[in-house]
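Chains as they are written, first to last, in our numbering: chain A, 1 to 173; chain B, 1 to 647; chain C, 1 to 100.
Since the hints were derived computationally from the structure, they do not count as laboratory data. Every residue, glycine too, gets a C-beta built ideally from N, C-alpha and C. Heads up, some of the hints might be wrong.
Claimed, not checked - Calculated lysine to aspartate or glutamate pairs in the EDC-like style (CA-CA distance at most 20 Å, straight line): (1) A:K134 - A:E53; (2) A:K134 - C:D55; (3) A:K27 - A:D87; (4) B:K374 - B:E455; (5) A:K81 - C:E72; (6) B:K419 - B:D570; (7) B:K159 - B:D570; (8) A:K27 - C:D93; (9) A:K129 - C:E97; (10) C:K87 - A:E83; (11) C:K87 - A:E53; (12) B:K614 - C:E97; (13) B:K158 - B:D308; (14) B:K369 - B:E460; (15) C:K99 - A:E83; (16) A:K167 - C:E72; (17) C:K87 - A:D87; (18) B:K166 - B:E460; (19) B:K586 - B:D574; (20) A:K27 - C:E72; (21) A:K81 - C:D93.
Said to hold, decoys possible - To be clear about the criterion: a stretch of chain A counts as covered by chain C if any three or more of its residues have a C-beta under 8 Å from a C-beta of chain C, and this derived list gives those stretches: (22) 3-16; (23) 31-45; (24) 48-59; (25) 62-73; (26) 98-104; (27) 110-123; (28) 154-161.
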Amino acid sequence: MTMLPQLIFGYFAAVIVLLSLLVITRKNPVHSVMWMLLLFFHIAAMYLFLNAEFIAAIQVIVYAGAILVLFLFVVLLLNLKEELEADRFVGSWPVAVLVSGGIFLGLASVLRSFVIGRQGSFTVELIQKVTHTKTLGLIMYTEYLFPFEIASLILLIAVIGAIVLAKKRMRSH
Amino acid sequence: MQHYLLIPFLPFAAFLINILFGRMLLKEKAHWVSILAVAVSWVVSVMTLLDVISGKTLNQDVYTWILSGNFRVSVGFLIDQLTAVMLIVVTTCSMLIHIYSVGYMHGDSGYYRFFSYLSLFTFCMLMLVMANNFLQLYFGWEGVGLCSYFLIGYYFDKKSASDAGKKAFIVNRFGDFGFGIGIFVIFLTFGTVYYEPVFSQAAGFATKSINFLGYDLHLMTVIALLLFCGSIGKSAQMPLHVWLPDAMEGPTPVSALIHAATMVTAGVFLVARCNAIFSLSELALTIVALTGAITSLFAASIGLVQNDIKRIIAYSTISQLGYMFLACGVGGYTAGVFHLYTHAFFKALLFLCAGSVMHAMAGELNLHKMGGLKKYMPVTYITMLLASLSIAGIPGFAGFFSKDEILWLAYSSTNPVGKFVWLIGTLVAFLTAFYSFRLIFLTFHGSFRGTHEQEHHLHESPKTMTVPLMLLCIGAIASGWIGISNLIGELVGIEHLNWFTGFMQPVLGHPEGHGTHAEEWGVMLISIMAGVSGIGLAYYLYIKRPELPDKIMAQFSTAHRVLFNKYYVDELYDLLIIRPALWTAKNVLIGVGDVRIIEAIVNGVPASIGGFSKQLRRLQTGLLQHYATIMAMGLFVIGAFMLLRNW
Amino acid sequence: MVPLNWYLILSAAVFSIGIFGFLTRRNIIIMFMSIELMLNAVNISLVAFSHYLQDLRGHVLVFFIITVAAAEASIGLAIIIALFRNKNTVHVDEMNEMKG
Numbered sequence: 001m002t003m004l005p006q007l008i009f010g011y012f013a014a015v016i017v018l019l020s021l022l023v024i025t026r027k028n029p030v031h032s033v034m035w036m037l038l039l040f041f042h043i044a045a046m047y048l049f050l051n052a053e054f055i056a057a058i059q060v061i062v063y064a065g066a067i068l069v070l071f072l073f074v075v076l077l078l079n080l081k082e083e084l085e086a087d088r089f090v091g092s093w094p095v096a097v098l099v100s101g102g103i104f105l106g107l108a109s110v111l112r113s114f115v116i117g118r119q120g121s122f123t124v125e126l127i128q129k130v131t132h133t134k135t136l137g138l139i140m141y142t143e144y145l146f147p148f149e150i151a152s153l154i155l156l157i158a159v160i161g162a163i164v165l166a167k168k169r170m171r172s173h
Numbered sequence: 001m002q003h004y005l006l007i008p009f010l011p012f013a014a015f016l017i018n019i020l021f022g023r024m025l026l027k028e029k030a031h032w033v034s035i036l037a038v039a040v041s042w043v044v045s046v047m048t049l050l051d052v053i054s055g056k057t058l059n060q061d062v063y064t065w066i067l068s069g070n071f072r073v074s075v076g077f078l079i080d081q082l083t084a085v086m087l088i089v090v091t092t093c094s095m096l097i098h099i100y101s102v103g104y105m106h107g108d109s110g111y112y113r114f115f116s117y118l119s120l121f122t123f124c125m126l127m128l129v130m131a132n133n134f135l136q137l138y139f140g141w142e143g144v145g146l147c148s149y150f151l152i153g154y155y156f157d158k159k160s161a162s163d164a165g166k167k168a169f170i171v172n173r174f175g176d177f178g179f180g181i182g183i184f185v186i187f188l189t190f191g192t193v194y195y196e197p198v199f200s201q202a203a204g205f206a207t208k209s210i211n212f213l214g215y216d217l218h219l220m221t222v223i224a225l226l227l228f229c230g231s232i233g234k235s236a237q238m239p240l241h242v243w244l245p246d247a248m249e250g251p252t253p254v255s256a257l258i259h260a261a262t263m264v265t266a267g268v269f270l271v272a273r274c275n276a277i278f279s280l281s282e283l284a285l286t287i288v289a290l291t292g293a294i295t296s297l298f299a300a301s302i303g304l305v306q307n308d309i310k311r312i313i314a315y316s317t318i319s320q321l322g323y324m325f326l327a328c329g330v331g332g333y334t335a336g337v338f339h340l341y342t343h344a345f346f347k348a349l350l351f352l353c354a355g356s357v358m359h360a361m362a363g364e365l366n367l368h369k370m371g372g373l374k375k376y377m378p379v380t381y382i383t384m385l386l387a388s389l390s391i392a393g394i395p396g397f398a399g400f401f402s403k404d405e406i407l408w409l410a411y412s413s414t415n416p417v418g419k420f421v422w423l424i425g426t427l428v429a430f431l432t433a434f435y436s437f438r439l440i441f442l443t444f445h446g447s448f449r450g451t452h453e454q455e456h457h458l459h460e461s462p463k464t465m466t467v468p469l470m471l472l473c474i475g476a477i478a479s480g481w482i483g484i485s486n487l488i489g490e491l492v493g494i495e496h497l498n499w500f501t502g503f504m505q506p507v508l509g510h511p512e513g514h515g516t517h518a519e520e521w522g523v524m525l526i527s528i529m530a531g532v533s534g535i536g537l538a539y540y541l542y543i544k545r546p547e548l549p550d551k552i553m554a555q556f557s558t559a560h561r562v563l564f565n566k567y568y569v570d571e572l573y574d575l576l577i578i579r580p581a582l583w584t585a586k587n588v589l590i591g592v593g594d595v596r597i598i599e600a601i602v603n604g605v606p607a608s609i610g611g612f613s614k615q616l617r618r619l620q621t622g623l624l625q626h627y628a629t630i631m632a633m634g635l636f637v638i639g640a641f642m643l644l645r646n647w
Numbered sequence: 001m002v003p004l005n006w007y008l009i010l011s012a013a014v015f016s017i018g019i020f021g022f023l024t025r026r027n028i029i030i031m032f033m034s035i036e037l038m039l040n041a042v043n044i045s046l047v048a049f050s051h052y053l054q055d056l057r058g059h060v061l062v063f064f065i066i067t068v069a070a071a072e073a074s075i076g077l078a079i080i081i082a083l084f085r086n087k088n089t090v091h092v093d094e095m096n097e098m099k100g
């Protein structure tokens, strides 16, 4: 039974990588969005696995529920037929393979020298006892109150900005 | 102390007022400010002279100008006998010439400009003579040079005038270069540029020598000759005399003030001021004496044949300046300064008279177009005649006393070249009398040779011009009376008649002359004879036998041509200095330095940047992915670098 | 117990795939999705760190990242709409006004 977490992780990890690749390689953007939806659910599950229920919920609600729907809307504006006939990659994609591969190797090589730092006070038991949402809320509204307010401001700007940008211009000239 | 400050700074204030407000506000009244300022300066100068006569000399700093380590210079004033005399000379001439200019420059478009420059010149000249250190002297020295440049080129729309201004400025550079180095050497030697410590310590360095490029040179000789370099330039001595005749392009009052009475005598003043240094070097004194003697003969001989009325007087000035140096060179600093003082009056007067003639002749300068002006302009004629008698050394006039003193000192001097320079001096006295009276006779006697239009226009100058002439005439006659030789004093039974020598003794020392009374009488007699015979010859040639000069000219055409062309010195300089310099400038500096090096750099750098940018431009494909790829590469490279560094 | 490094490798892999997608796809919408992928990769590693260090700050950071991602997606998609309206294309290699 000791192998169970590893097995579960292995499953999720494999699926996440696979889905990521599918997202970026599908010719049809609608398919990409669909695979991404599945990907976000898997990531949310992984968050649960890491004792972060609130984040998992946010992941589903915000990413899957809001952002992806937005993507879907935009994709539906496009002419899919034309899209399916066009090239999916730019001409310089082999360079991109090298660069992204290099960055992956770089990041992976860093891990060898990784050392775990000082342990914090939020043990798994504590979080399970108080619940994740409440502990997160306690930190968010005390220590991170100011950034929290800024985040709300960013969202406000995003709302206004999106409206201004996407609004159909009156032909004034 | 305070009132001494008025002397230089009032003219300076007048300069500022005139240059700032002259064009808009003062216009035709610009002269009032300048004349008022210089008149007050004159009054204070007279008070200063009286103070000095009563024994009150002064050496005081007013304001620290430069303080750097142990190098300290201040604006300071040294008021002693020499300064007091110079103050009188400068302010008197300046004041009278200011007044004269009111009439002479009347109606000129740059009226305010003329007076502001004149005031600035007066300020600089006064700073020069009142300085108590070499650097302030240098300041004044360059300041008067600058004003001289402004005023020679006053009619700057005339090419010959602006060229003459440039010539004066550039030729003076040569002299001032030596002068500047001289000041450096003084600072190097004495550690200060103040007169008082330098002159009092100079004797201690009498035997010191300085190593220059492996040669041991006598230190005091080096300093004296470097200072004399400046004097040669400023006082237009050989070989830097070429600028002064050309400087006559300026307005005549300027010629009178700057190029006769004051600025050009600054060189003599410098030698007299530094007599403590010069006296320590026999060689330097000999060079000074020979330079003066040769220049005076040289210039006088050119003056014999010139036809331009102002140029004759200019060569006469060079010649008389040579006389002053001759005096200094044989140790007679007092005599030199005395001649400076008398010369200022009669030479300024000669110039102003010439200006008056020009005024009447509508700018005509050629002697052969004049003649018979006596009856049209009596005041000018009489004053000019008196000035000429003075310069010719006729007994009783100012020039006689100073010239006689110089000749006697040269004759009796212990210097080995003394007798030689005396001989030249006497010859020059003869020549001077001759050309001065040639000028008088050709201008004022005989019949008028100009056009009818000019004749119709002839008139005496206005009062503003004739009154200064008369006042200066008093100076030209009487200024010499304060230095009447003791010899004459003994004759009439007054001891120490030569007040001037006694007055100057604390500053300039007592000249040493060795000779008997008989010799002294002899020298005096010879000099009088030289003057009288010069006048007589001129009378014979130009009044009695007017046809003779042309015959003589034809007989000695080569000599005449050489003299008329001023010994071809200008042509020689043109060939030796100007042409090679222009050639170098054109072919080396412009051809190689400018075109090949500077322009190559100036044009090459932008061109190569442009070329490089053109290549770099191709990176800007405008494709988002390319930028992103480069960014990611950068991320990768930085990460890799950090990793490898820590490995 | 799953080692921390496994999560980090996973995170690195997803991140690299995101980069690859961003650098290669012509469709600007897919490029945007690649950015979301990269953000998620970072989120995974942050949550993993938080878990292993018993510290909730990582979660807070993830929370903010999701906020910013939402804002960025909305603005970005609005830009795409504006772009599409003017250019009538979503292919980035057809937009090269910045070419020097």
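For each hint, the structure was consulted:
Taking the CA atoms of A:K134 and A:E53, the gap is near 11 Å; set against the 20 Å cutoff, the hint holds. Taking the CA atoms of A:K134 and C:D55, the gap is about 14 Å. The hint holds against a cut of 20 Å. For the given pair, A:K27 sits about 8 Å from A:D87 by alpha-carbon distance, which is consistent with the 20 Å threshold. Our distance criterion of 20 Å between C-alpha atoms is met by B:K374 and B:E455, whose separation comes to about 13 Å.
Taking the CA atoms of A:K81 and C:E72, the gap is about 28 Å. The hint is violated against a cut of 20 Å. Of the pairs offered as hints, the one joining B:K419 and B:D570 is violated, with about 31 Å between alpha carbons and a cut-off of 20 Å exceeded. This hinted pair checks out: B:K159 and B:D570 have alpha carbons roughly 17 Å apart, not beyond 20 Å. Distance hint between A:K27 and C:D93 is fulfilled; the C-alpha atoms sit about 16 Å from each other, no more than 20 Å.
For the hint linking A:K129 to C:E97, the alpha-carbon distance of about 58 Å lies beyond 20 Å, and the restraint is violated. A distance of roughly 15 Å separates the Cα atoms of C:K87 and A:E83; the hinted pair therefore holds under the 20 Å criterion. Restraint check: the Cα-Cα separation between C:K87 and A:E53 comes to about 43 Å, which exceeds 20 Å; the hinted pair is violated. Under the criterion of a C-alpha separation no larger than 20 Å, the hint pairing B:K614 with C:E97 is consistent with the structure, at around 18 Å.
A threshold of 20 Å between alpha carbons decides the hint, and for B:K158 with B:D308 the separation of about 18 Å falls inside it, so the pair holds. For the given pair, B:K369 sits about 18 Å from B:E460 by alpha-carbon distance, which is consistent with the 20 Å threshold. For the hint pairing C:K99 with A:E83, the CA-to-CA distance comes to about 25 Å; that exceeds 20 Å, so the pair is violated. At most 20 Å may separate the alpha-carbon atoms for a hinted pair to count; A:K167 and C:E72 meet this at roughly 17 Å.
At most 20 Å may separate the alpha-carbon atoms for a hinted pair to count; C:K87 and A:D87 meet this at roughly 18 Å. Restraint check for B:K166 and B:E460: the C-alpha separation of about 34 Å exceeds 20 Å, so the hint is violated. Of the supplied pair hints, the one linking B:K586 and B:D574 holds, its CA atoms being roughly 16 Å apart against a limit of 20 Å. With a C-alpha separation of about 24 Å, the suggested pairing of A:K27 with C:E72 is violated against the 20 Å cut-off.
Only pairs whose Cα atoms come within 20 Å are accepted, and A:K81 paired with C:D93 is accepted, the gap being roughly 19 Å. For the region 3-16 of chain A, the stated coverage by chain C is satisfied: 5 residues place a CB nearer than 8 Å to a CB of that chain, which reaches the threshold of 3. For a cut-off of 8 Å, the count of residues in the region 31-45 of chain A with a CB near a CB of chain C stands at 6, and the three-residue condition holds. Proximity of the region 48-59 of chain A to chain C, defined as three or more residues with a beta carbon under 8 Å from a beta carbon of that chain, is established by the 7 residues found.
Coverage of a stretch by a chain is defined here by at least three residues with a beta carbon nearer than 8 Å to that chain's beta carbons; for the region 62-73 of chain A and chain C the count is 7, and the condition holds. Interface restraint, the region 98-104 of chain A with chain C: holds (5 residues with C-beta to C-beta distance below 8 Å; minimum three). Coverage of the region 110-123 of chain A by chain C holds in this model, with 10 residues showing a Cβ closer than 8 Å to a Cβ of that chain against a need of three. With 6 residues having a beta carbon nearer than 8 Å to a beta carbon of chain C, the region 154-161 of chain A meets the requirement of three or more and the stated coverage holds.
Violated hints, in rising order: 5, 6, 9, 11, 15, 18 and 20; the structure is consistent with all others.
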